[in-house]
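Asks: Residue-level listing of the chains:
There are 2 protein chains.
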Amino acid sequence: MRDLLTGPSGLGTSAARLGRPEAVALPAEPGYAERPWGDGTAPPLYVPVLEREDAVLAAAVDERLVAWAGECGFEEPERFLGGMFGRLAVLTHVDTDDVDQLLIAAKLNAAWWAADDLYADSTEMGAIPAELPPRLALAMAAMDPVAPAAEFTVELEETLAADPVLVGLRSGIAHLTSRSTATVVQRVCYSTFAMFVSWGAYAAWRHTGNYPPAWQYLATRQHDTFYTSMTLIDAVGGYELPAPLYYDPRVRQLLTAAGTAAVMVNDLVSVEKDAADEQPVCNMVLQIAADRECSIAEATARTVELHNQLVRDFEAGHRALLAVPSVELHRFLKGTKAWMGGGFEWHTTHPRYR
Amino acid sequence: MRDLLTGPSGLGTSAARLGRPEAVALPAEPGYAERPWGDGTAPPLYVPVLEREDAVLAAAVDERLVAWAGECGFEEPERFLGGMFGRLAVLTHVDTDDVDQLLIAAKLNAAWWAADDLYADSTEMGAIPAELPPRLALAMAAMDPVAPAAEFTVELEETLAADPVLVGLRSGIAHLTSRSTATVVQRVCYSTFAMFVSWGAYAAWRHTGNYPPAWQYLATRQHDTFYTSMTLIDAVGGYELPAPLYYDPRVRQLLTAAGTAAVMVNDLVSVEKDAADEQPVCNMVLQIAADRECSIAEATARTVELHNQLVRDFEAGHRALLAVPSVELHRFLKGTKAWMGGGFEWHTTHPRYR
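In the order they appear, the protein sequences are chains B and S. With the first letter of the first sequence counted as 1, position 183 gets the number 183 in this note's numbering; the numbers rise by one all the way through. With the first letter of the second sequence counted as 1, position 107 gets the number 107 in this note's numbering; the numbers rise by one all the way through.
The shape of chain B in the complex, shown without the other chains (with noise of 0.2 angstroms):
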């Protein structure tokens, strides 16, 4: 009712109703380009264009990273990354070369991983259904204290010191709290439990053996998204798009087609890891190939057209809202694009998708 961009008549009309006159309808964003991706044998993606590559600037990253990820417990914490991170961030946070600021991004993407594989995904690296969820609940309390309780708040603590997964979290939380404000915070913690409830439901998937419907797949997958990395957009950045406007449906419909379309490109290349789980991984291709009968390059078509739809609405939804007079949502927004650029480009080159 009294969100920021609700206006009677829409977006973009203040000025007609203050008596200006009408502006002139900005031109297209440029930037977006159709690239091929894989073996090149299926259809192009859609995606911006990417805005920085910088080696450097990344292995600098990823020596502060490493050392990070050491102290927080991990074996073996080079091997671990696997220089996955530092490019990670730099690729995708476009507007700072500060590495403590991109460390936001690296250290909390790195914990996101590691649950990600250690308590979700990888049968193989000890991942196990029916313990996933207790697990993540010790995620929340890690990343997001809550009152103190006796005696049980003093064996939670022994617990969550032990784990490095957990000490990541919380450490990568800590990070982000000494750059940014409390809301921005909580910001980034729910959008975290949003995404656990979706492996939640992978979890129960794979351990029932009924896999579901590419369009109950895909309504999961909505809350576990790059969304979630996004929420790191304006803290790395050094700013705060402020919560009246990031919580706007407008621009919450925006971040969620940005976040979609970039996981759904983690999809496409994941799709023979995936397959080859001894209890396969939920994946948008597999879905819709097992729903439709139909073969994997059909399935990889109907997959990347999806993601294109994702991005022009990207591109639309970005424009309309230029005619907002907020330099961090402009700045945001342009954060989220160059987001997709740098995803797209890691997920592309990197081994780990090969």
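Calculated from the structure, these hints are not laboratory results. Among the clues, some could well be false.
Said to hold, decoys possible - One-sided and incomplete, this derived list gives chain B residues near chain S with beta-carbon spacing under 8 angstroms:
hint, residue
1, 134
2, 313
3, 316
To be verified - Covered, in the sense of this in silico footprint (three residues per stretch, anywhere, with C-beta under 8 angstroms from a C-beta of chain B), are these stretches of chain S:
hint, stretch
4, 55–62
5, 133–142
6, 179–191
7, 197–207
8, 253–267
Unchecked claim - Take a look, some chain S residues computed to stay more than 12 angstroms from chain B by CB distance:
hint, residue
9, 67
10, 73
11, 313
12, 317
Just so you know, even glycine gets a beta-carbon here, dropped at the ideal spot from N, CA and C.
Model the placement of chain S on the given structure of chain B, informed by the hints.
Replies: Below, chain S without anything else, positioned relative to chain B:
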């Protein structure tokens, strides 16, 4: 770093810093009491006194609520609701007598309880542990719409429209949306999703039969408390506690203390019901008794003591935060205190818990 309440030398020192005389320490808020409960054999609970009981207003809310539940598709809505939620709203949200405002709380609490009973808790009512997580993911989709995704969204919408729990959750959020801001709506959704992560953990424990120690149950329970019901306090009251204050760590710690205290009352009055389920429901008293191999009476006494400490922590923190010059914060904390008083009254007098 930029949190509103975090000055360089702590709360309540701004007057001193500005050269003004130190404020006189405020007296304790009146209105707490030790109250007997149950059959009177357990130690009394220290709680805020009840601020309002109004059977006529509760009946007016319930009349509207029953009609709404019927529209959502619940069978025998009158019996299903059992006259619980109108009275709960009237007892806990004492700063309005507007039925439409009270319906924000009545509808959402009814929908949360329905999800908990039908999906999570009650084997008799159809709850199946392995089916819970996918159902919770659909509940997220019902409450928190994301970017549309072509034919997959069409199939999702058909499912969302066919399950009374999902219709109720969506409709409850729609009612909230019509009377509050996007920031509050997302706060409510996200607190619900954290609760869902905890529900997943309980389901896993019941499914495997490996019940957790009390500290682990409590850590999980602390993200599944009446904190979620309390997210509605300002919306029902017709104002908004802005996000930077709402999410300030000191405020959040107080609100989680209040939420945990209120939910310990729920555990205390539910012991017999929870123990009687063919797959026992996790409960603080039962977990303490199992850990310590002690009697239910002893475990009850420890739980009461924990509850009372949380209420005293809230009381002290509430007093300290009166130094923050925000009328919304003062009103929200007063509302939180009232919620605890009403929650105790409701739990200790309702037939469900006898």
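Asks: Within the assertion that chain B covers the stretch 133–142 of chain S, do at least three residues meet a Cβ-to-Cβ distance smaller than 8 angstroms?
Replies: holds (count 7)
Asks: Counting residues of the stretch 179–191 of chain S with a beta carbon closer than 8 angstroms to any beta carbon of chain B, are there 3 or more?
Replies: That given contact holds, which follows from 9 residues of the stretch 179–191 of chain S lying within Cβ reach (below 8 angstroms) of chain B.
Asks: With d taken as the least Cβ-Cβ distance between residue 67/S and chain B, does d exceed 12 angstroms?
Replies: Fine: 23 angstroms to the nearest Cβ keeps residue 67/S off the interface.
Asks: Taking 8 angstroms as the Cβ threshold, is the statement that the stretch 55–62 of chain S is covered by chain B upheld or broken by the three-residue rule?
Replies: violated (count 0)
Asks: Regarding the assertion that residue 317/S does not contact chain B, is the least Cβ-Cβ distance greater than 12 angstroms?
Replies: Answer for residue 317/S: violated, closest chain B Cβ roughly 9 angstroms.
Asks: Using a Cβ cutoff of 8 angstroms, are there at least 3 residues of the stretch 253–267 of chain S near chain B, or does the coverage claim fail?
Replies: Check passed, 5 qualifying residues.
Asks: Taking the closest Cβ pair, is residue 313/B under 8 angstroms from chain S?
Replies: 6 angstroms, holds
Asks: Beyond 12 angstroms from chain B, beta-carbon-wise, is residue 73/S?
Replies: 20 angstroms, holds
Asks: Min Cβ distance, residue 134/B to chain S: is it shorter than 8 angstroms?
Replies: Holds - the Cβ of residue 134/B comes within 8 angstroms of chain S, reaching about 4 angstroms at its closest.
Asks: Hint validation: residue 316/B versus chain S, beta carbon distance must be below 8 angstroms. Holds or violated?
Replies: 12 angstroms, violated
Asks: For the stretch 197–207 of chain S, does the count of residues with a C-beta closer than 8 angstroms to a C-beta of chain B reach 3?
Replies: Holds, because 8 residues of the stretch 197–207 of chain S bring their Cβ atoms closer than 8 angstroms to Cβ atoms of chain B.
Asks: Say whether it holds or is violated: residue 313/S keeps its Cβ farther than 12 angstroms from all Cβ of chain B.
Replies: 6 angstroms, violated
Hint violations for this structure: numbers 3, 4, 11 and 12, all remaining hints satisfied.
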